[in-house]
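Residue numbers (full-length UniProt numbering), protein chains in the order written: chain A, 1 to 96; chain B, 1 to 96; chain C, 1 to 143; chain D, 1 to 143; chain E, 1 to 130; chain F, 1 to 130.
Keep in mind that the hints were calculated from the coordinates and are not lab data.
Computed from a predicted model, the values in this text were never measured in an experiment.
Where hints are given, some of them may not hold.
[What the hints assert, rightly or not] The list that follows gives simulated cross-link-like pairs (lysine-lysine, DSS-like), each with its CA atoms no further than 27 Å apart:
1. Lys84(D) x Lys74(F)
2. Lys98(F) x Lys98(E)
3. Lys84(C) x Lys74(E)
4. Lys98(F) x Lys74(E)
5. Lys74(E) x Lys74(F)
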Amino acid sequence: MHLHTLNQSPAQSQVYRQALAAMADDDCLLLIEEAVQGALPHLIGPFEGLAGRLYVLEEDLVARGLLERCDDNARVVDVEGFVSLTEQADKVLSWY
Amino acid sequence: MHLHTLNQSPAQSQVYRQALAAMADDDCLLLIEEAVQGALPHLIGPFEGLAGRLYVLEEDLVARGLLERCDDNARVVDVEGFVSLTEQADKVLSWY
Amino acid sequence: MNVNKANEGMNDSNIAHTSITPPSATGELLVILGHAPHGSSLLREGLDMALVAAAFGRRVSLLFMGQGCWALQPGQGEGALGQKGTQSTLEMLEMYDIDNIMVEAESLERLGLESSDLVLSVSVVDAASVQQAIASHTLVMNF
Amino acid sequence: MNVNKANEGMNDSNIAHTSITPPSATGELLVILGHAPHGSSLLREGLDMALVAAAFGRRVSLLFMGQGCWALQPGQGEGALGQKGTQSTLEMLEMYDIDNIMVEAESLERLGLESSDLVLSVSVVDAASVQQAIASHTLVMNF
Amino acid sequence: MRYGILLLGAPYSNQAAHSALRFARTIIARGHQLDSVFFYHEGVHNAARLAAPPQDEPHLVDGWAELQREHGVKLDVCIAAALRRGLMDEEQAGRHGKEGHSVERPFELTGLGQLVDLGLRCDRLVTFAP
Amino acid sequence: MRYGILLLGAPYSNQAAHSALRFARTIIARGHQLDSVFFYHEGVHNAARLAAPPQDEPHLVDGWAELQREHGVKLDVCIAAALRRGLMDEEQAGRHGKEGHSVERPFELTGLGQLVDLGLRCDRLVTFAP
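Please take these sequences and the hints and turn them into a complete structure.
Encoded structure:
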């Protein structure tokens with residue numbers, strides 16, 4: 001399993017397309033920084049195929065006041081969970 | 001007339017939406033830096049309504065090897081032409 | 001943001017200049033905020049600029065567009081490691097008599113934000129009003 | 001880019017370390033280039049990284065995706081004021097034995113680039129091949 | 001006409017500083033007056049006096065200084081944006097108990113009030129950003 | 001596990017440096033070894049020794065130095081990326097005939113070979129970018 005991080009909002013940047021193209025079937029995607037917007041019901045569209053493999057960073061949601069608005073299909077992890085994901089992943093790719 | 005500059009590619013960033021929303025009927029748009037991609041036939045879509053008011057910076061096209069590929073509906077100006085546009089415009093807004 | 005700190009380097013001639021220029025009745029400066037808080041410091045630095053202009057007696061309007069609309073989301077806090085957010089700055093706007101605050105309707109809709117659920121009392125405006133606001137201010141700055 | 005310059009600060013222990021590690025037969029390092037040349041220096045700095053790795057005997061592959069594909073557009077020149085482009089760096093790839101160069105097909109299509117009209121001899125690959133390339137390299141870096 | 005430039009981009013990381021300097025030179029070549037370049041946000045890095053780009057690349061810091069020397073263009077750097085990013089002159093270094101400095105004349109650390117003033121005083125203010 | 005971090009974002013302009021430092025501390029708190037943070041692209045600005053952020057904001061330069069002091073994390077700065085952006089240590093200042101310096105220990109100017117080496121030596125290399 002590879003972990004892919006994305007830090008740009010899908011409402012603003014098209015870079016998420018590269019992340020999705022690069023993801024194998026068992027890879028996970030973690031939304032950090034502005035990308036946490038992608039965990040909101042209104043903006044989760046591009047990530048809908050990632051059921052169970054879509055993560056979003058809790059601290060970055062909280063800072064933006066968005067924790068409560070998060071879609072059920074995004075798994076909220078804190079920065080410890082982020083590190084834990086990097087432990088499990090063979091490689092970490094960063095899309096920005 | 002107001003001059004609006006845009007420096008992000010419409011293939012990558014959604015910021016062009018803000019520029020378009022802010023443009024009055026006689027305003028002009030100048031594509032600079034990565035935004036010169038928006039003057040290519042394949043990517044000019046968002047700017048099609050701007051006939052006669054869409055400009056693109058020649059030097060930035062040339063640096064990217066794109067001068068020859070420019071759409072006929074984009075008016076190519078060099079940096080002198082850029083300054084000239086700012087002379088004619090009451091205000092210059094920069095979208096990035 | 002701390003206006004005094006931002007002005008540390010201000011020289012006397014500039015203060016003299018601004019104090020003899022009376023503020024005009026309608027907006028002199030329109031600050032357009034188009035970047036999200038937290039992810040970059042552009043929005044905060046744009047707000048700092050607006051507050052300083054207001055502190056110097058300029059009549060300032062704000063327009064939130066695109067990602068800038070996220071500044072109006074309630075319940076924001078500090079960022080990573082205590083990185084300052086913008087909420088405290090927004091709370092200072094009233095004190096500085098910045099009360100013409102607009103947000104573009106289509107941006108709100110694209111992001112799924114409800115105009116009834118924003119931290120400030122703002123005017124939701126359409127593109128035509130955005131264009132009018134740009135026309136009716138002496139100076140427009142994008143952040 | 002000038003490899004010697006980029007290595008100015010390299011210390012001897014590091015050179016010793018790399019020289020005793022034999023390069024593996026297949027790719028050790030995959031550098032993904034996802035940003036346009038000229039607009040930012042990321043692409044150039046990613047290429048610099050690839051060249052340095054190759055100079056140290058590492059087996060390096062390149063993958064152009066998204067805006068990075070513009071690096072393959074023919075006829076590029078210097079940027080504003082003579083800002084260096086990437087074409088001269090691309091021409092050095094062969095000299096450094098970097099010959100596994102891929103470009104993602106969908107990115108090319110979105111940008112309207114023709115695979116027959118690119119500056120380098122590249123393999124046009126689909127998403128599945130991108131995933132394979134990531135899996136088959138020891139280290140993957142995004143620029 | 002009187003022009004002002006607001007530069008928000010750091011040199012060598014994106015094209016903003018190159019675009020701005022090119023535009024500045026062209027304004028002047030067309031006979032306009034460029035009052036001041038204001039460096040804000042990442043743009044403050046343009047004032048780094050120790051910049052040493054390779055000889056075959058444009059030297060942006062020197063390029064700005066030349067505008068000041070030959071055309072009297074003021075080079076104003078936002079002090080709050082500069083200090084947090086590691087750019088300070090001798091006076092600020094003294095105040096902060098630091099040795100050495102990273103900004104020197106013709107760049108001047110100043111407040112945002114100067115930017116407000118520049119924008120309202122000039123006929124045109126043009127922003128270059130990352 | 002052995003980790004390496006590659007930081008490409010400048011402090012105070014975007015979140016990358018904050019995210020990276022937060023991640024670095026968490027790695028260590030979980031008992032991993034963080035070999036080195038490599039500063040490249042805009043990330044070299046994290047090594048600016050004269051950074052003086054307001055007291056109510058995180059001091060990132062000091063934050064990195066603390067990692068080195070308390071956990072022996074190496075702080076490697078790409079020399080080519082640093083020099084063009086105005087970041088040099090005393091040795092480089094001497095070579096370039098400049099007075100003063102903007103980078104000092106525990107940050108070390110080094111070549112990109114160190115980054116290659118870090119990436120291949122560590123179990124995980126994690127990049128934070130603007």
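Each hint, compared with the structure:
1. Distance restraint check for Lys84(D) and Lys74(F): the Cα-Cα separation of roughly 31 Å exceeds the 27 Å cut-off, and the hinted pair is therefore not satisfied.
2. Under the criterion of a C-alpha separation no larger than 27 Å, the hint pairing Lys98(F) with Lys98(E) is consistent with the structure, at around 18 Å.
3. With a C-alpha separation of about 31 Å, the suggested pairing of Lys84(C) with Lys74(E) is violated against the 27 Å cut-off.
4. Note on Lys98(F) and Lys74(E): the hinted pairing holds, with a Cα-Cα distance of about 24 Å set against a maximum of 27 Å.
5. At roughly 41 Å between alpha-carbon atoms, Lys74(E) and Lys74(F) are farther apart than 27 Å, so this suggested pair is violated.
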